[in-house]
Amino acid sequence: MQLTAGEVADFVGGEVHGDADRVVRGVCALSEDGVAVTDHLAFLTAKADCAKAVASQVGTVLVATLPPSRGDRTWIRVDDPALAHAKTAQRFHPLPRAVTTSVHPTAVIAEAVDLCEPVEIGPHVVVEGGVRIGAGTIIMAGSFVGAGCRIGGDCLLHPRVVLYEGVSLGDRVRIHSGAVIGADGFGNAKDGSRYERIPQIGDVVLEDDVEIGANTTVDRATFSTTRVRRGTKIDNLVMVAHNCDVGEDSALAGQVGMAGTAKIGARCMLGGQAGVSDHIVVNDDVVVGGQAGVMADIEQPGYYAGMPAQWGRDFMRQVIEWRRLSEMRRRVIAVEDRLDALDARD
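Per the working numbering: the sequence shown = residues 179 to 524.
Don't read these hints as lab results, they were simulated from the structure. Fair warning: there could be bad hints in the mix.
Stated by the list, open to error - Here are the computed lysine-lysine pairs in the DSBU-like style, where the Cα-Cα straight-line distance is at most 35 Å:
1) Lys265 <-> Lys230
2) Lys230 <-> Lys441
3) Lys265 <-> Lys411
4) Lys441 <-> Lys368
5) Lys368 <-> Lys230
6) Lys411 <-> Lys441
Said to hold, decoys possible - Between beta-carbon pairs, the in silico distance windows are:
7) Pro377 <-> Asp456: 41 to 47 Å
8) Thr403 <-> Arg509: 33 to 39 Å
9) Gln451 <-> Ala361: 19 to 25 Å
10) Glu499 <-> Gln469: 36 to 42 Å
11) Leu244 <-> Pro274: 35 to 41 Å
12) Ala290 <-> Arg375: 28 to 34 Å
13) Arg502 <-> Asp362: 44 to 50 Å
14) Val304 <-> Pro377: 20 to 26 Å
15) Arg516 <-> Gly480: 41 to 47 Å
Where a beta carbon is used, it is the ideal one built from N, C-alpha and C, also for glycine.
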(Lines of atoms letter the chains of each structure in order from A and count residues from 1; the text may use other names and numbers.)
(Lines give C-alpha, C1' and ligand atoms only; values in the text may rest on other atoms or scores of the structure.)
Protein backbone atom coordinates (compact mmCIF):
# COMPACT_ATOMS: atom_id res chain seq x y z
CA MET A 1 0.00 0.00 0.00
CA GLN A 2 1.16 3.52 -0.68
CA LEU A 3 -0.24 7.04 -0.45
CA THR A 4 0.97 10.45 -1.46
CA ALA A 5 1.66 13.22 1.02
CA GLY A 6 -1.28 15.06 -0.47
CA GLU A 7 -3.60 12.12 0.16
CA VAL A 8 -2.39 11.88 3.75
CA ALA A 9 -3.05 15.59 4.23
CA ASP A 10 -6.56 15.21 2.83
CA PHE A 11 -7.72 12.56 5.31
CA VAL A 12 -5.99 14.07 8.36
CA GLY A 13 -7.11 17.62 7.55
CA GLY A 14 -3.63 19.08 7.04
CA GLU A 15 -1.75 21.43 4.74
CA VAL A 16 1.11 20.22 2.56
CA HIS A 17 4.30 22.28 2.40
CA GLY A 18 6.65 20.73 -0.12
CA ASP A 19 6.15 17.91 -2.60
CA ALA A 20 2.50 16.79 -2.35
CA ASP A 21 3.27 13.86 -4.68
CA ARG A 22 5.94 12.38 -2.42
CA VAL A 23 5.17 8.70 -1.86
CA VAL A 24 4.40 7.49 1.67
CA ARG A 25 4.64 3.72 2.16
CA GLY A 26 4.49 3.56 5.94
CA VAL A 27 4.92 5.31 9.29
CA CYS A 28 7.92 5.43 11.61
CA ALA A 29 9.55 7.33 14.47
CA LEU A 30 12.27 9.93 14.04
CA SER A 31 14.52 7.90 16.33
CA GLU A 32 14.82 4.99 13.89
CA ASP A 33 18.47 5.68 13.04
CA GLY A 34 19.99 3.84 10.15
CA VAL A 35 16.68 2.82 8.64
CA ALA A 36 15.93 3.88 5.08
CA VAL A 37 12.67 5.74 5.69
CA THR A 38 12.64 8.31 2.90
CA ASP A 39 9.25 6.93 1.90
CA HIS A 40 7.84 6.94 5.46
CA LEU A 41 5.96 9.46 7.57
CA ALA A 42 6.89 10.60 11.10
CA PHE A 43 5.63 13.29 13.43
CA LEU A 44 7.03 15.73 15.94
CA THR A 45 5.31 17.73 18.65
CA ALA A 46 8.21 19.61 20.23
CA LYS A 47 10.31 22.36 18.64
CA ALA A 48 13.39 20.61 19.97
CA ASP A 49 12.81 17.85 17.44
CA CYS A 50 12.86 20.15 14.41
CA ALA A 51 16.61 19.82 13.85
CA LYS A 52 16.34 16.06 14.22
CA ALA A 53 13.59 15.94 11.62
CA VAL A 54 15.58 18.07 9.17
CA ALA A 55 18.66 15.87 9.66
CA SER A 56 16.79 12.57 9.45
CA GLN A 57 16.04 10.42 6.43
CA VAL A 58 12.28 10.68 6.93
CA GLY A 59 10.62 11.98 3.80
CA THR A 60 7.36 13.36 5.21
CA VAL A 61 6.81 14.90 8.65
CA LEU A 62 3.63 15.93 10.47
CA VAL A 63 4.04 19.12 12.49
CA ALA A 64 1.91 21.62 14.36
CA THR A 65 4.26 24.53 13.55
CA LEU A 66 6.47 24.66 10.47
CA PRO A 67 10.20 24.92 11.26
CA PRO A 68 12.21 27.83 9.83
CA SER A 69 14.60 25.42 8.09
CA ARG A 70 12.72 22.73 6.18
CA GLY A 71 15.36 21.01 4.07
CA ASP A 72 14.04 18.85 1.27
CA ARG A 73 11.37 17.19 3.41
CA THR A 74 7.66 17.35 2.80
CA TRP A 75 5.87 18.87 5.79
CA ILE A 76 2.20 18.46 6.65
CA ARG A 77 0.91 21.02 9.13
CA VAL A 78 -1.89 19.74 11.36
CA ASP A 79 -3.37 20.79 14.70
CA ASP A 80 -2.48 17.49 16.41
CA PRO A 81 0.47 15.66 14.81
CA ALA A 82 0.25 12.64 17.13
CA LEU A 83 -3.42 12.10 16.30
CA ALA A 84 -2.78 12.52 12.58
CA HIS A 85 0.10 10.04 12.80
CA ALA A 86 -2.17 7.52 14.55
CA LYS A 87 -4.83 7.87 11.85
CA THR A 88 -2.22 7.36 9.15
CA ALA A 89 -0.83 4.31 10.94
CA GLN A 90 -4.32 2.82 10.99
CA ARG A 91 -4.46 3.14 7.21
CA PHE A 92 -1.25 1.18 6.81
CA HIS A 93 -1.93 -1.31 9.60
CA PRO A 94 -5.67 -1.94 9.75
CA LEU A 95 -7.12 -4.43 12.21
CA PRO A 96 -7.46 -7.90 10.70
CA ARG A 97 -10.96 -8.56 9.45
CA ALA A 98 -12.68 -11.79 8.48
CA VAL A 99 -13.16 -12.02 4.74
CA THR A 100 -14.70 -15.44 4.42
CA THR A 101 -16.19 -17.74 7.02
CA SER A 102 -13.54 -20.10 8.37
CA VAL A 103 -13.92 -22.51 11.29
CA HIS A 104 -10.80 -24.48 12.16
CA PRO A 105 -11.39 -28.25 12.35
CA THR A 106 -10.09 -28.36 15.95
CA ALA A 107 -12.60 -25.75 17.15
CA VAL A 108 -15.51 -27.02 19.24
CA ILE A 109 -18.73 -25.21 18.33
CA ALA A 110 -22.03 -26.08 20.00
CA GLU A 111 -25.03 -26.72 17.76
CA ALA A 112 -27.12 -23.81 19.04
CA VAL A 113 -24.71 -21.07 17.95
CA ASP A 114 -25.61 -18.22 15.62
CA LEU A 115 -22.67 -17.32 13.38
CA CYS A 116 -23.34 -14.25 11.24
CA GLU A 117 -21.08 -14.77 8.26
CA PRO A 118 -18.35 -14.00 7.62
CA VAL A 119 -16.53 -14.99 10.83
CA GLU A 120 -13.20 -16.66 11.58
CA ILE A 121 -12.86 -19.22 14.38
CA GLY A 122 -9.28 -20.30 15.09
CA PRO A 123 -7.72 -23.55 16.34
CA HIS A 124 -8.96 -25.06 19.62
CA VAL A 125 -11.58 -22.38 20.20
CA VAL A 126 -14.57 -23.49 22.30
CA VAL A 127 -17.97 -21.83 21.77
CA GLU A 128 -20.81 -23.02 23.98
CA GLY A 129 -24.52 -23.02 23.20
CA GLY A 130 -26.75 -19.98 22.81
CA VAL A 131 -23.91 -17.75 21.59
CA ARG A 132 -24.34 -15.16 18.84
CA ILE A 133 -21.27 -13.93 16.94
CA GLY A 134 -21.61 -10.92 14.64
CA ALA A 135 -20.32 -10.62 11.10
CA GLY A 136 -16.65 -9.76 10.62
CA THR A 137 -15.57 -11.08 14.02
CA ILE A 138 -12.35 -13.05 14.51
CA ILE A 139 -11.81 -15.39 17.48
CA MET A 140 -8.23 -16.56 17.62
CA ALA A 141 -6.65 -19.77 18.88
CA GLY A 142 -7.47 -21.21 22.27
CA SER A 143 -10.21 -18.76 23.23
CA PHE A 144 -13.33 -19.75 25.17
CA VAL A 145 -16.81 -18.26 24.72
CA GLY A 146 -19.28 -19.31 27.38
CA ALA A 147 -22.96 -20.09 26.99
CA GLY A 148 -25.26 -17.24 26.06
CA CYS A 149 -22.57 -14.73 25.15
CA ARG A 150 -23.35 -12.02 22.60
CA ILE A 151 -20.48 -10.81 20.43
CA GLY A 152 -21.05 -7.90 18.03
CA GLY A 153 -19.68 -7.32 14.59
CA ASP A 154 -16.04 -6.74 13.65
CA CYS A 155 -14.73 -7.82 17.06
CA LEU A 156 -11.30 -9.32 17.59
CA LEU A 157 -10.50 -11.80 20.36
CA HIS A 158 -6.79 -12.56 20.50
CA PRO A 159 -5.48 -16.01 21.54
CA ARG A 160 -6.58 -17.39 24.93
CA VAL A 161 -9.29 -14.86 25.69
CA VAL A 162 -11.96 -16.15 28.08
CA LEU A 163 -15.56 -14.94 28.06
CA TYR A 164 -17.60 -16.49 30.86
CA GLU A 165 -21.27 -17.20 30.25
CA GLY A 166 -23.61 -14.32 29.51
CA VAL A 167 -21.01 -11.71 28.54
CA SER A 168 -22.06 -9.15 25.91
CA LEU A 169 -19.71 -7.34 23.54
CA GLY A 170 -20.73 -4.47 21.28
CA ASP A 171 -19.28 -3.85 17.84
CA ARG A 172 -15.55 -3.46 17.15
CA VAL A 173 -14.51 -4.66 20.61
CA ARG A 174 -10.89 -5.79 20.83
CA ILE A 175 -9.67 -8.06 23.63
CA HIS A 176 -6.04 -9.07 24.03
CA SER A 177 -4.56 -12.38 25.10
CA GLY A 178 -5.11 -13.68 28.61
CA ALA A 179 -7.99 -11.35 29.43
CA VAL A 180 -10.85 -12.85 31.43
CA ILE A 181 -14.26 -11.24 31.12
CA GLY A 182 -17.12 -12.28 33.39
CA ALA A 183 -15.38 -14.21 36.17
CA ASP A 184 -17.11 -14.17 39.56
CA GLY A 185 -16.81 -10.99 41.55
CA PHE A 186 -15.12 -11.16 44.95
CA GLY A 187 -18.27 -11.44 47.01
CA ASN A 188 -18.37 -13.20 50.37
CA ALA A 189 -20.49 -12.86 53.51
CA LYS A 190 -18.87 -13.29 56.93
CA ASP A 191 -20.35 -16.03 59.13
CA GLY A 192 -18.42 -15.87 62.34
CA SER A 193 -14.87 -16.93 61.48
CA ARG A 194 -15.89 -18.32 58.08
CA TYR A 195 -16.92 -16.90 54.72
CA GLU A 196 -20.01 -17.80 52.74
CA ARG A 197 -19.79 -17.24 49.01
CA ILE A 198 -22.29 -14.79 47.48
CA PRO A 199 -23.33 -16.15 44.06
CA GLN A 200 -22.41 -13.72 41.32
CA ILE A 201 -25.38 -13.93 38.97
CA GLY A 202 -25.05 -10.63 37.10
CA ASP A 203 -23.31 -10.05 33.78
CA VAL A 204 -20.73 -7.93 31.96
CA VAL A 205 -21.31 -5.55 29.05
CA LEU A 206 -18.48 -4.12 26.97
CA GLU A 207 -19.96 -1.49 24.66
CA ASP A 208 -18.87 -0.52 21.13
CA ASP A 209 -15.19 0.23 20.44
CA VAL A 210 -13.93 -0.89 23.85
CA GLU A 211 -10.40 -2.32 23.99
CA ILE A 212 -9.22 -4.61 26.80
CA GLY A 213 -5.49 -5.22 27.39
CA ALA A 214 -3.66 -8.48 27.99
CA ASN A 215 -4.30 -10.28 31.29
CA THR A 216 -6.93 -7.79 32.37
CA THR A 217 -10.00 -8.99 34.28
CA VAL A 218 -13.51 -7.57 34.28
CA ASP A 219 -15.69 -9.36 36.85
CA ARG A 220 -19.41 -10.02 36.48
CA ALA A 221 -21.84 -8.13 38.69
CA THR A 222 -23.40 -9.66 41.76
CA PHE A 223 -26.97 -9.11 40.52
CA SER A 224 -26.94 -6.41 37.81
CA THR A 225 -24.26 -5.42 35.24
CA THR A 226 -20.58 -4.55 35.24
CA ARG A 227 -20.31 -2.12 32.34
CA VAL A 228 -17.47 -0.62 30.33
CA ARG A 229 -18.95 2.09 28.15
CA ARG A 230 -18.35 3.03 24.53
CA GLY A 231 -14.85 3.86 23.37
CA THR A 232 -13.03 3.16 26.64
CA LYS A 233 -9.48 1.78 26.45
CA ILE A 234 -8.14 -0.43 29.24
CA ASP A 235 -4.46 -1.36 29.46
CA ASN A 236 -2.82 -4.65 30.49
CA LEU A 237 -3.13 -6.09 34.00
CA VAL A 238 -6.10 -3.99 35.07
CA MET A 239 -8.71 -5.18 37.57
CA VAL A 240 -12.33 -4.03 37.16
CA ALA A 241 -14.38 -5.54 39.99
CA HIS A 242 -18.03 -6.52 40.18
CA ASN A 243 -20.74 -3.88 39.61
CA CYS A 244 -18.24 -1.28 38.35
CA ASP A 245 -19.24 1.24 35.69
CA VAL A 246 -16.55 2.82 33.52
CA GLY A 247 -17.69 5.86 31.52
CA GLU A 248 -17.38 6.56 27.81
CA ASP A 249 -14.00 7.38 26.23
CA SER A 250 -12.05 6.81 29.43
CA ALA A 251 -8.56 5.32 29.70
CA LEU A 252 -7.20 3.05 32.45
CA ALA A 253 -3.44 2.46 32.46
CA GLY A 254 -1.64 -0.71 33.55
CA GLN A 255 -2.30 -2.17 37.01
CA VAL A 256 -5.20 0.14 37.80
CA GLY A 257 -7.58 -1.44 40.29
CA MET A 258 -11.26 -0.59 40.67
CA ALA A 259 -12.97 -2.09 43.72
CA GLY A 260 -16.57 -3.26 43.70
CA THR A 261 -19.34 -0.84 42.64
CA ALA A 262 -16.89 1.96 41.85
CA LYS A 263 -18.04 4.29 39.10
CA ILE A 264 -15.84 6.29 36.72
CA GLY A 265 -17.32 9.05 34.58
CA ALA A 266 -16.77 9.87 30.92
CA ARG A 267 -13.40 10.97 29.54
CA CYS A 268 -11.50 10.07 32.70
CA MET A 269 -7.87 8.96 32.78
CA LEU A 270 -6.38 6.77 35.52
CA GLY A 271 -2.59 6.51 35.66
CA GLY A 272 -0.69 3.30 36.26
CA GLN A 273 -1.33 1.52 39.59
CA ALA A 274 -4.01 4.00 40.63
CA GLY A 275 -6.71 2.52 42.83
CA VAL A 276 -10.36 3.38 43.36
CA SER A 277 -12.07 2.20 46.57
CA ASP A 278 -15.41 0.42 46.59
CA HIS A 279 -18.61 2.43 46.02
CA ILE A 280 -16.63 5.54 45.04
CA VAL A 281 -17.98 7.84 42.30
CA VAL A 282 -15.54 9.75 40.09
CA ASN A 283 -17.30 12.29 37.89
CA ASP A 284 -16.53 13.19 34.27
CA ASP A 285 -13.21 14.62 33.02
CA VAL A 286 -11.07 13.60 35.98
CA VAL A 287 -7.38 12.66 35.65
CA VAL A 288 -5.94 10.51 38.45
CA GLY A 289 -2.16 10.31 38.67
CA GLY A 290 -0.19 7.09 38.86
CA GLN A 291 -0.29 5.21 42.19
CA ALA A 292 -2.93 7.56 43.54
CA GLY A 293 -5.57 6.15 45.86
CA VAL A 294 -9.11 7.46 45.41
CA MET A 295 -10.73 7.06 48.83
CA ALA A 296 -13.62 9.53 48.48
CA ASP A 297 -15.93 10.72 45.71
CA ILE A 298 -14.46 13.20 43.22
CA GLU A 299 -16.99 15.73 41.98
CA GLN A 300 -14.87 18.41 40.26
CA PRO A 301 -13.01 17.78 36.99
CA GLY A 302 -9.25 18.20 37.15
CA TYR A 303 -6.02 16.46 38.09
CA TYR A 304 -5.74 14.47 41.33
CA ALA A 305 -2.75 12.70 42.85
CA GLY A 306 -1.41 11.16 46.04
CA MET A 307 -2.68 8.82 48.71
CA PRO A 308 -5.40 9.62 49.50
CA ALA A 309 -6.03 11.37 46.19
CA GLN A 310 -6.30 15.16 46.40
CA TRP A 311 -6.00 18.14 44.09
CA GLY A 312 -2.77 17.76 42.14
CA ARG A 313 -1.45 21.20 43.11
CA ASP A 314 -1.99 20.44 46.80
CA PHE A 315 -0.18 17.13 46.43
CA MET A 316 2.80 18.82 44.74
CA ARG A 317 3.01 21.38 47.56
CA GLN A 318 3.18 18.49 50.01
CA VAL A 319 5.91 16.79 48.00
CA ILE A 320 7.97 19.97 48.14
CA GLU A 321 7.50 20.14 51.90
CA TRP A 322 8.44 16.47 52.30
CA ARG A 323 11.72 17.14 50.54
CA ARG A 324 12.44 19.88 53.07
CA LEU A 325 11.80 17.68 56.11
CA SER A 326 15.39 16.46 56.49
CA GLU A 327 16.75 19.99 56.49
CA MET A 328 14.00 21.13 58.86
CA ARG A 329 14.84 18.24 61.18
CA ARG A 330 18.52 19.21 61.23
CA ARG A 331 17.59 22.81 62.02
CA VAL A 332 15.23 21.75 64.83
CA ILE A 333 17.93 19.53 66.34
CA ALA A 334 20.41 22.44 66.18
CA VAL A 335 17.92 24.72 67.95
CA GLU A 336 17.28 22.09 70.61
CA ASP A 337 21.01 21.67 71.15
CA ARG A 338 21.41 25.41 71.64
CA LEU A 339 18.50 25.50 74.09
CA ASP A 340 19.98 22.60 76.01
CA ALA A 341 23.30 24.46 76.20
CA LEU A 342 21.57 27.59 77.51
CA ASP A 343 19.71 25.54 80.10
CA ALA A 344 23.00 23.98 81.21
CA ARG A 345 24.43 27.45 81.99
CA ASP A 346 21.59 28.31 84.37
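Hint by hint, here is what the structure shows:
no., hint, result
1, Lys265 <-> Lys230, "holds, 23 Å"
2, Lys230 <-> Lys441, "violated, 44 Å"
3, Lys265 <-> Lys411, "holds, 16 Å"
4, Lys441 <-> Lys368, "holds, 25 Å"
5, Lys368 <-> Lys230, "violated, 63 Å"
6, Lys411 <-> Lys441, "holds, 15 Å"
7, Pro377 <-> Asp456: 41 to 47 Å, "violated, 19 Å"
8, Thr403 <-> Arg509: 33 to 39 Å, "violated, 57 Å"
9, Gln451 <-> Ala361: 19 to 25 Å, "holds, 21 Å"
10, Glu499 <-> Gln469: 36 to 42 Å, "violated, 19 Å"
11, Leu244 <-> Pro274: 35 to 41 Å, "holds, 37 Å"
12, Ala290 <-> Arg375: 28 to 34 Å, "holds, 30 Å"
13, Arg502 <-> Asp362: 44 to 50 Å, "holds, 48 Å"
14, Val304 <-> Pro377: 20 to 26 Å, "holds, 24 Å"
15, Arg516 <-> Gly480: 41 to 47 Å, "holds, 45 Å"
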